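Chain order of the listed sequences is H, B, A, Z, P, U, V and S. Under my numbering, the residues of the first sequence are numbered 1 to 257, in order. Under my numbering, the residues of the second sequence are numbered 1001 to 1257, in order. Under my numbering, the residues of the third sequence are numbered 2001 to 2361, in order. Under my numbering, the residues of the fourth sequence are numbered 3001 to 3361, in order. Under my numbering, the residues of the fifth sequence are numbered 4001 to 4188, in order. Under my numbering, the residues of the sixth sequence are numbered 5001 to 5188, in order. Under my numbering, the residues of the seventh sequence are numbered 6001 to 6080, in order. Under my numbering, the residues of the eighth sequence are numbered 7001 to 7080, in order.
Please note that the accuracy of each hint is not assured.
As the list claims (entries may be wrong) - Simulated pairs of lysine to aspartate or glutamate, EDC-like, Cα-Cα distance not exceeding 20 Å:
id, chain 1, residue 1, chain 2, residue 2
1, B, 1236, S, 7019
2, H, 154, A, 2043
3, A, 2209, B, 1071
4, P, 4086, A, 2349
Just so you know, these hints were derived from the structure itself, not from any lab. Quantities reported herein were computed from a predicted structural model and do not represent experimental measurements.
Here are the chains, one letter per residue:
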Amino acid sequence: MENTITAQDIIRDGELVFKKTACLTDNVLSYCPGCGHGVAHRILMEVIDEMGIQSQTIGVSPVGCSVLAYDFMNIDMQGAAHGRAPAVATGIKRVFPNKFVFTYQGDGDLAAIGTAETIHACNRGENIVIIFINNGIYGMTGGQMAPTTLPNMKSSTTPYGRDVKMMGHPIKMTEIVATLPGTCFVTRQAVHTPAAVNRSKKAIRKAFENQKLNKGLSFIEIVSNCNSGWKMTPVKSNKWMEENMFPYYPLGDIKDL
Amino acid sequence: MENTITAQDIIRDGELVFKKTACLTDNVLSYCPGCGHGVAHRILMEVIDEMGIQSQTIGVSPVGCSVLAYDFMNIDMQGAAHGRAPAVATGIKRVFPNKFVFTYQGDGDLAAIGTAETIHACNRGENIVIIFINNGIYGMTGGQMAPTTLPNMKSSTTPYGRDVKMMGHPIKMTEIVATLPGTCFVTRQAVHTPAAVNRSKKAIRKAFENQKLNKGLSFIEIVSNCNSGWKMTPVKSNKWMEENMFPYYPLGDIKDL
Amino acid sequence: MRELRLMKGNEAIAEAAIRCGVDAYYGYPITPQSEIMEYLTMEEPHKRTGMVVLQAESEIASIHMVYGAAGCGKMTMTSSSSPGISLMAEAISYMAGAELPCLIINVQRGGPGLGTIQPGQADYFQATKGGGHGDYNLIVLAPSSVQEMADFVGLSFDLAFKYRNPVLMLSDGAIGQMMEKVYLPAQKERLTDEEIEKRYSDWATFGKKANRERNIITSLSLESEVQEKHNFKLQAKYAKISQDEVRFERIACDDAEYLLVGYGTSARICQKVIQLGREKGIKIGLLRPITLWPFPSEEISKLANQVKGILSVEMSAGQMVYDVKLAVEGKVKVMHFGRFGGMIPSPDEVLHALEEKLIHN
Amino acid sequence: MRELRLMKGNEAIAEAAIRCGVDAYYGYPITPQSEIMEYLTMEEPHKRTGMVVLQAESEIASIHMVYGAAGCGKMTMTSSSSPGISLMAEAISYMAGAELPCLIINVQRGGPGLGTIQPGQADYFQATKGGGHGDYNLIVLAPSSVQEMADFVGLSFDLAFKYRNPVLMLSDGAIGQMMEKVYLPAQKERLTDEEIEKRYSDWATFGKKANRERNIITSLSLESEVQEKHNFKLQAKYAKISQDEVRFERIACDDAEYLLVGYGTSARICQKVIQLGREKGIKIGLLRPITLWPFPSEEISKLANQVKGILSVEMSAGQMVYDVKLAVEGKVKVMHFGRFGGMIPSPDEVLHALEEKLIHN
Amino acid sequence: MTEEIIIAGFGGQGVLSMGKILAYSGIMQDQEVSWMPSYGPEMRGGTANVTVILSSERISSPVINRFDTAIILNQQSMDKFEKMVKPGGVLLYDNNGITHPPTRKDINIYLVEAAKESALMGSTITFNMIVLGAYLQIKPIVNMENVIKGLKKSIPERHHKMLPLNEQAILRGHEIVKQIQETKSILV
Amino acid sequence: MTEEIIIAGFGGQGVLSMGKILAYSGIMQDQEVSWMPSYGPEMRGGTANVTVILSSERISSPVINRFDTAIILNQQSMDKFEKMVKPGGVLLYDNNGITHPPTRKDINIYLVEAAKESALMGSTITFNMIVLGAYLQIKPIVNMENVIKGLKKSIPERHHKMLPLNEQAILRGHEIVKQIQETKSILV
Amino acid sequence: MAKIKGTILVDIDKCKGCELCVVACPSNVIKLASDVNGKGYHFAYMEIPDACTGCVNCALVCPDSVITVHRLRPKSVQTV
Amino acid sequence: MAKIKGTILVDIDKCKGCELCVVACPSNVIKLASDVNGKGYHFAYMEIPDACTGCVNCALVCPDSVITVHRLRPKSVQTV
Ligand SMILES: Cc1ncc(C[n+]2csc(CCOP(=O)(O)OP(=O)(O)O)c2C)c(N)n1
Ligand SMILES: Cc1ncc(C[n+]2csc(CCOP(=O)(O)OP(=O)(O)O)c2C)c(N)n1
Ligand code: SF4
Ligand code: SF4
Ligand code: SF4
Ligand code: SF4
Ligand code: SF4
Ligand code: SF4
Ligand SMILES: [Mg+2]
Ligand SMILES: [Mg+2]
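Based on the sequences and whatever the hints tell you, model everything.
Here it is as structure tokens:
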């Protein structure tokens, strides 16, 4: 009878179908409960694991909640100053053209202070991967407005909601970099459902394959949540994200050469 | 008999149909012979003269050959640090929302070091005018590659021509800022022929009218020459510009709301 | 009567700015000073006084926005913390060169690099010796209480406009984050555009009027002779400021045999050290520089004639101590004690250091 | 034998960089040093040695590219002039914090602000006291000839890697633009990736090998205790450098009654002053600091026991003079003479200043 | 009179606002006060603490490492701050989530089951007010009238309808400590 | 031996390269040399000048304001540098575009119509070599052999076919000055 | 029908109780405990273990990678 | 046909001899002088003054704004 099968039986007789990748360290993630950064970290490291490139990969972490990414990703990493990860990655990739180099950046980092570095790395077509976590807010510093904060969305510096007349509209960096000849693959994904996670992971895999083929810069935006900044539970924040972020930041490939 | 009419007769009996505007000072322009900066300066000042807004206008000059623009434009001006003119103009316009504010910038200034400031001023929809002189080179510092230098074009830092594999493709900032909701009028013009001069001037006029109406940011690219940097005579440089720059940077309005 | 509140130092700055009639704040978030902009956006000063508050895309953009507005004769300010202030170095040099009045606030954290977000005082050199290039000086004020965070906003602007020079308030995360009682200044009216145009018609840009030459804000002179002349003028101004604007506080100095020199949070701790020391019979005094530039060298030089030793207490590896040494010129022993990298010294360890370095030595 | 050439200082740096086996140069044009990148792009070092040369979109991007490549254990450099160096302040603090070896060249011009493009020496404070935030030190070398522009490239990298610390070459527009004879070093091979991975396996990022923990380049410690520990380590390193790496040149000091202290272009001028002075019977000597940090304080202190007065000659309003004073500790009179804002003092006026300020006074 | 207090617990336990009410109460009683929070990157799950000083004199250092009183609301804080209480000082804690209760013999330790009490009162927002009330029963450094004033000042206008509930909770805290004080003369 | 020279004129007159050849010639003769140009924003129409020092000793300051010789090729430069020639020094100039010829009596002034001569030679690129030749006739601080070597070093390989023409121009410069020297013993 | 059986292991000390696995599980297997772990979080556990199919959905969305999944295919399926 | 007559004044001291007016003139009125001005530039002048129609094309393209243009309409035209 089926219901006599215990968990122990399954573990003993069955197959292990999911386990944390060895490319993640055992450190406890410093992220808030339910934060999308965690899933993004994991699938990125799974790709590196699956491609067997741990020993050839150098990651660049930003300033933002993921500033400590190097505590969690079990690879050689450099912590870049706020916004400068694409320049740091350029510096690395140019001297190590055969290694794999990626940046992992938040929306404040990539789309505000780092705008010039982002655009020019993309425009030069650096052979790197940029992972861009867009949670519409400055998570780390306590929930201030990001360039990607939605119209009327509240943040600690737009306590009455973002007034687009004063602050402008949320910027769509992904659409912008897609117009540059230097990018070869530009996509917008999410990590809030199993299906979304799988799609994101495929995109990351493609990005690293592109890098192997010297195709140019692959740019992956992941629309994510910031429960603390948005002041919502993780479950609610994912729902809010679907309802509010996705219409403004529609998911899918924008460019795939 | 007509041929008895002397120049003196015409001056005395005829009308004055062209004279340097009083919004230009009497200082000798510091530009090389035939440099497009001169014409761009003049038509900008003519618009200010014709709109009668000299006493309400604050200009922002960049670092570049036009760093001394304030020596030639007879208006209150601020010299901004390299690339930061849009931020300086933002600072001014926000405290003087009813005055007219413009920046005048080169391609190195606006499209390289100033990329972030350009994009974010445009994205916020600052009510200002940006005049962008694209001569495909760093004129002032002696002809180094600009982000807008054409593929295979020689410069002092691409002495064998711009290799797009190494340096990326020339960037089209004007097309980029046209995608931002904050811009209301985005156009690309030139000043090398009488007709082009007239069209540019009309565009500048429209830009200032937009500012009066608080419509957002008007962005006018002027594709221009740099005889010294290109190492050509002015006449040849204009021809080269038509044949090489215009195909890459096609003239005309890109956005007009 | 002035209003009494319990506020964070950062909030006190923000509220004082509104009340002093500041025209514009441009900033970018960074811990431990983000409350300044957060408080301002919450208060909606555009409704209270018409003050502009704008979050820029970076510290570089912020400071250049300040440049623009300051060039219009408007009371303009920004704030940041250590790494963000470093990014402003070029612009600060420009503003000093162009003689623009403004207020820049550094709520210091522990460096170098990204460092920690905990309090630090290791940006003293940067503030007083010029993080930027070229010969210039900022007027540097060091508040050591929430009350002074509020009070120095008005003072800063007075000095900034008096000398047409940027003023830097060098605070730190402890004073920025802590709450104390603060008496807030009464609300002042912002200057109208007409008043500004009248007051600053000789330099500010607000549109060239028919009755005057155009005004130009710049720090450039392609001719070296002209640039040098301008620099001589700046140096003369700095000399004047050095003479007239030195500010400091003497605490228990009259009978002191040992002198502590400390500013900001360190000065607070030193007050406790005085108490602990005097309980033990060590006559300690404190000279608290309020202006770090101009530095109270003369007063320290005088005190050096009286005391047996001087300890410079800073949350740094030793920076202000060199200015103390320059003032003392070898007359008595000058030592440094500091915790850094986000650490705050305890009164006990300062006293211990004083005993070790100056008394039992 | 080493190759003899007539070259500009800027060109000598570029050629020396190729010959020293530098791996990468990242830069952005600015007068008066653009020839460095222009020479490099003309020489196509990627064909000669595989060296990377990339024009970045800004100085900020350049220095962060340097950060990235330096973090890989590669010999990496950038160059700029005053305003451009100011823009690098944050990154330089990061690199010092993360202990990254690299070479940064400042071919100084006259400031503050946009200033002039003519030579200056007013970035001394910025270079030696840290333009960036936090407690850190750069090793600062001051070449005073085209030959030294070439020689110090190799020396800089030796020091940078020996101590894992950024090195700054503080030159100026005069030395950058002038041509002199220069003996070029022989071509060295660049290190292979394998050699780098072997040499720097304990810190550089080149991909985590199975036999070691991952390497991390960072300047962050959220825990103050950890940050302070790191800072103590840095301070210990700085103390070691201060002890072992002071470099200077003594010219005509043995019998000197008056001492000039000057570096770079000023030191060149001072040599003429010595000659003019001695012709007039004034026994002048010159102490030329080669390392500005660590500063040759001890040597100056010694000389202060011998001479009647010291004149610090700088193309600035007086910056190094404070380090001279700190070294001298009041033993003899220390004065400053400078032209600035792009002006270069003539030997005559230096001699005149020496007479005025130290002899007839 | 100077009272140096640390209040430490999880981010969501109202640690900072408890300190703020205390500080405001001090002001109402014309005392000098300082309130110095720990601050850090906004990653949840961490601990939060605040140092509050009330004094009749000008306060020198707002940052101290020895306390007259420690109010401790989670284990991490216990591990960190138990040892920093001055001999003879007070340690007040809630045992919810405490796996290693305090062990020092040279200080006065009070266990206040505020979490349980607040559940009984039907509103978890009363938790920190119960703790505050308990503390003020042990050390009545500010009188109730000024506490209420302080409460009013530090709570936004729109929440003033909650004032009675908060007052009730403070009184409940008083009572709990009174009971402890009555039942044991020698404290654990 | 130390010779301190300023060469000044318009940007296009080959001022800098003349200085460079001179400096290279000095090196060929084992002298110490320095070559210090004026530099500025690349806006044309301005003047260009270069200070060249040749010396048997280590050169101290590369920047000087008194010269043994001034070679002056336009009016602006005349206005600026005539007064900086040391008493007894040499001022050599081309009169094309000179509206105010030099007036000092305490220096040796040579007028060399190099522009005219180069036109006669059918190649304007010889202009600066004529001037150089003239100068070296007045002050033979380097011998012709080393000048040719210097010329070779400072001209890119691909232009070496022009060497004979340059040599010819230098010799023409020699001659012009020889003539002057022969015709007048006291110089204007 | 021979159903695929699965089971999950939750590293409850590291679980942050975010509840994302709970909503991601198509079989409603997971719930948050009323108890808390050392960090004060209500950790996830299998409330209806029998319903687990080992589909890994929960593990895919778990931000903290604290879920391990095992799966046993019924013999019939396994041997096909 | 009554032709419109024009004339230009060139501020020859400030003219930089760039030749842009020369190529812009539809009537081939302008040439560069073989003489140079104080700055060494071959300045522009009216080589065929009679051909000038006062169309201002030259002035529009002159970067240094050194051209002033006057125009005389034939009586017939003027009075219309
Ligand atoms: C130069 C500088 N400016 C500002 C900061 C403060 N800061 C740290 S993280 C951050 C923004 C983080 O937002 P984002 O990039 O969106 O990342 P998230 O935390 O949301 O993942 C800011 C402004 C800094 N560290 N350095
Ligand atoms: C921070 C800084 N970096 C570099 C420079 C040097 N610089 C001056 S102008 C310029 C570029 C000018 O090019 P562009 O903006 O295209 O103007 P143009 O001269 O071509 O009109 C540069 C790099 C500077 N002044 N400041
Ligand atoms: S603050 Fe926001 S982005 Fe940062 S860890 Fe928490 S939820 Fe994630
Ligand atoms: S260098 Fe180029 S852009 Fe600058 S003035 Fe000359 S022609 Fe114009
Ligand atoms: S998703 Fe992970 S962290 Fe969140 S509740 Fe489930 S097991 Fe815990
Ligand atoms: S493996 Fe699938 S069925 Fe089992 S608990 Fe996870 S989500 Fe639910
Ligand atoms: S366009 Fe103007 S500057 Fe050029 S040649 Fe004609 S008149 Fe002279
Ligand atoms: S006005 Fe017209 S016709 Fe006359 S010279 Fe100028 S372009 Fe030629
Ligand atoms: Mg974010
Ligand atoms: Mg340009």
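**Study point:** Structure versus earlier hints - violations, ascending order
**Key:** No numbers; nothing is violated.
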